[in-house]
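K.L.:
As a plain string of letters, each chain reads:
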Amino acid sequence: MTIAVCVKHVPDPADPAVLAADLRVDREAAAGMLCSLDEYAVDRAVQLRHPGERVVAVTMGPRGARAAVTRALQMGADEGLVITDPSLAGADAVTTAAVLAAAVRSLGDVDLVLCGMSSTDGSTGTVPPMVADLLGWGCAGHAVAVVREAGHVTIERDDPDARRTLVAPLPAVVSVTDLSGEPSYPSFKAILAAKRRPVREVSLAELPVRTSARGLRTVAATVAPPRAPARIVTDVDGSGAHALVQVLTDRFPMGVS
Amino acid sequence: MTRDVVIVGAGVEGLSTAHALATSGVTNVVVVDRDAIASGGTGRSAGIVRCHYGVPEIAALARESLTVFSEAEERLGSPVGFEQVGYLVGIGEDNLAAFRASLAAQQALGIDTGEVGHDVAAALWPVAELDDFASFAFEPQGGYADGYATAHAFAGSARSLGTTVTQGTAVASIEVRGDAVTGVRLADGTGIATDAVVVAASAWSVPLLSPLGIELPITPYLVQEVLIDPGVDLGARPVFSDMVSKQYVHQRGHELLFGDSGGFERPIPDPDRYPTHAEDAAIERCAEKALHRFPGIADPSVKTTSTGMIDVTPDWNPIISATGIDGLFVAAGFSGHGFKIAPAVGRLMADIVLGRPSSVPDVPTETFRLSRYDEGAPVLSKFPYVGASKIR
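Here the protein sequences line up with chains G and P, keeping their order. Mapping of the first sequence onto my numbering: residues 1 to 257, in sequence order. Mapping of the second sequence onto my numbering: residues 258 to 649, in sequence order.
The hints are simulated quantities; they were obtained by calculation from the structure and are not laboratory data. Mixed in with the good hints there might be a few duds.
[Stated by the list, open to error] Straight-line C-alpha distance at most 35 angstroms; calculated DSBU-like pairs for lysine-lysine:
#1 P/K503 x P/K560
#2 G/K189 x P/K560
#3 P/K503 x G/K189
#4 P/K560 x G/K195
#5 P/K503 x G/K195
#6 P/K503 x P/K639
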């Protein structure tokens, strides 16, 4: 059996975004990383793996996206699959889901697909349900806990009104949130072991999918204006606390509940 | 506004200079920083304190500074986070002769250091593999301090003497008439009149001086460090310079900070743009070295990583100097090893600004002059180590 975990290589959110001429983020210029929300999915996948099973980290992206898979291998994934193709540059969520679904299908014996709840760059959160739909499987989203049993998967989800327990027959797609348990940092031994694990790089032609990147197109992008300078409350012999309370009550006249 | 001295850069070098000027009675001084105290290299420094240097003047600056780190509360009025856990350096067979000659030179300067055997080193670092070292030296007074706290301690002490520290204020240009400084122009358009400016702004010093025809030979380099979780309580261990695997290690809380001294620092085009976390290659290098050196740590893991920019000169030693322009001074280009010498650098810079002989024993004022590069007289280690980075 295989657990596939879909991961994304994203620009480091700590770095300022650099926009290319076509108004998309210049991913070659940005220092990339495994999307931090996907780390939870990788960690869950590794923990849900039974003896004899494999976890395959799957990503779609430019060449540099391989680094996200490398990180997943360091975190304990067994294999990597990178779909990289010039024709996919600028692919939107619909295309991404089609490619990932085809990639999952190409792995053969997939029992469970794990995803992060969203990417930290595009932030649509739509890929996991679309992958599920394209595979014809169920999707259990935003899990804070995942239990995998014979034939089905059970998740806990914290909705605004209630905590829900959902059961989906396997195979299924599950997305996990950042409340599903802190991913462990890779050990040095795991980092070195990851170098020996196989990563397959395939082009679009090698996948059973017909798609194109012609989806959403950015037509305008403006840099957010700089924030107004902070107001500094100067403390003079203990007056600071009162002044600060005044600032807050002016700002929130109804009180803060 | 008129000031006796304007210091550009509220890092540890600029603030130490302000403090030294203030203790000399020069208090009509402002330190301006585009961001905040210790917001550049100072706050990111590993903070290692040791005197093991093959450049006698650097060793002497470190020796003088050690006193300030040890007595920070008395001298500066606040602690600098100095953990005096000692400093252990291990050397390979290929560098043994240079190592012993360097130790003799350090001892001649009055530095508390000495060669120790494998038994002593093993007691200091029981989890380490030591067989591939030829020998060791131990400085019992070494350790590590906190760059951020040190900068604030200098700032606080200087302020209490009357110095002003202005944060969030960028200097747009240094104003010169004829061959003499007349002031600085700030980014908001206002100016400060002065006849003395000390530029202590790391790699950002370069664009401030180039419009004046002074090209500082400083290149920004990226440095990457890895903090590991040893998974076990190691107790307080000395800072360890591993000159065989080319790495330095010290504890920071329950974590171990690993830095590479194998010359993997690399130049970057823009001192403000570099990755915020270590690259995979750096982490893998660290993993290989750490697993080799510390077999007693069963399963170390990455806790986090950090990166920083260092301002590197051609000889990897600082520029602490007057310039061809009257009243314009530079304290920059510390090349990744400015923290441990900063307290004495401030004194040396103040001496240069005030036109008096050096008050730092064994360090003449002209040692780190800018003109040495044009003269073909770089400051180099008298006892270089094969394969080591140049900051020894």
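K.L.:
List in ascending order the numbers of the hints, as given earlier, that are violated by the structure.
P.N.:
none
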